[in-house]
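Peer 1: Sequence:
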Amino acid sequence: MNWLDRTIGAVAPAVALRRLRQRQALQLMQRAYEGAKAGRRTDGWVTAGTGANAEIAPASARLRDRSRDLVRNNPYAAKAVNALVSNLVGSGIVPRARAKRTAAAKAADQLWLQFAASCDAEGLTDFGGLQALIVRSLVESGEVLVRFRERRFEAGLAV
0 MNWLDRTIGA VAPAVALRRL RQRQALQLMQ RAYEGAKAGR RTDGWVTAGT
50 GANAEIAPAS ARLRDRSRDL VRNNPYAAKA VNALVSNLVG SGIVPRARAK
100 RTAAAKAADQ LWLQFAASCD AEGLTDFGGL QALIVRSLVE SGEVLVRFRE
150 RRFEAGLAV
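Read the sequence shown against numbering that gives the first Met the number 0 and you will find it ends at 158, with the numbers running on by one and no gaps.
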């Protein structure tokens, strides 16, 4: 506080408090835009006004390959991916039917469990495993494509 603020505080404390609050709000606003200032600290800081997709599109294949290689060859990266998958999916996100009739809810839950146990087209995992694979691919590669195909029972396939 300068001498003027102290003088106003002695005569009119409410006015001094209001001035102090306004000064603090102004300082906060000025600090919030410090990154926009031009000066010696920001000389050489080249920025682009494009979005994230436009920035990484030309090098997306290389970034994806390096990310995959990092997860395969660096135990810290592999552990980070495993932790994300474990925390997001766990053993699988399982829906539960909410019907007024408990018999209908139990029947719907049973049908879901049957589907979830054999929904992988390759027959390698269950629905929880597919969820984990989706999240793992998204974290590791930055993208994932999931395709749902209905198959007839007569086809004799796993799905």
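The reader is advised that the hints may include incorrect statements.
Claimed, not checked - Once the Cα atoms are required to be at most 25 Å apart in a straight line, the calculated SDA-like pairs of lysine to any residue come out as:
1. K99 to L112
2. K36 to G48
3. K78 to W2
4. K78 to K36
5. K36 to A24
6. K78 to R95
7. K36 to P12
8. K105 to E121
9. K78 to S136
10. K78 to K99
11. K78 to G128
12. K105 to G89
13. K36 to T49
14. K105 to C118
15. K78 to Q21
16. K78 to V143
17. K105 to V84
The set of hints was computed from the structure by calculation and includes no laboratory data. These figures come from a predicted structure and were not determined experimentally.
Peer 1: Hint by hint, say whether it matches the structure.
Peer 2: Hints and how they fare:
1. For the suggested pair K99 and L112, the alpha carbons sit about 20 Å apart, so the restraint of at most 25 Å is met.
2. A threshold of 25 Å between alpha carbons decides the hint, and for K36 with G48 the separation of about 16 Å falls inside it, so the pair holds.
3. Under the criterion of a C-alpha separation no larger than 25 Å, the hint pairing K78 with W2 is inconsistent with the structure, at around 59 Å.
4. The straight-line distance between the Cα atoms of K78 and K36 is roughly 40 Å, outside the 25 Å bound, and the hint therefore fails.
5. At most 25 Å may separate the alpha-carbon atoms for a hinted pair to count; K36 and A24 meet this at roughly 19 Å.
6. Taking the CA atoms of K78 and R95, the gap is about 31 Å. The hint is violated against a cut of 25 Å.
7. Between K36 and P12 the CA atoms are separated by roughly 35 Å; this puts the pair beyond 25 Å, and the hint is violated.
8. Distance hint between K105 and E121 is unfulfilled; the C-alpha atoms sit about 28 Å from each other, more than 25 Å.
9. Restraint check for K78 and S136: the C-alpha separation of about 14 Å stays at or below 25 Å, so the hint holds.
10. The hinted pair formed by K78 and K99 fails the criterion: a straight-line CA distance of about 43 Å is larger than 25 Å.
11. Restraint check for K78 and G128: the C-alpha separation of about 18 Å stays at or below 25 Å, so the hint holds.
12. With a C-alpha separation of about 23 Å, the suggested pairing of K105 with G89 holds against the 25 Å cut-off.
13. For the given pair, K36 sits about 20 Å from T49 by alpha-carbon distance, which is consistent with the 25 Å threshold.
14. Of the pairs offered as hints, the one joining K105 and C118 holds, with about 20 Å between alpha carbons and a cut-off of 25 Å not exceeded.
15. Of the pairs offered as hints, the one joining K78 and Q21 is violated, with about 48 Å between alpha carbons and a cut-off of 25 Å exceeded.
16. For the suggested pair K78 and V143, the alpha carbons sit about 20 Å apart, so the restraint of at most 25 Å is met.
17. As the CA atoms of K105 and V84 are separated by approximately 29 Å, the hinted pair breaks the 25 Å bound.
Of the numbered hints given earlier, the model fails hints 3, 4, 6, 7, 8, 10, 15, 17; all others are met.
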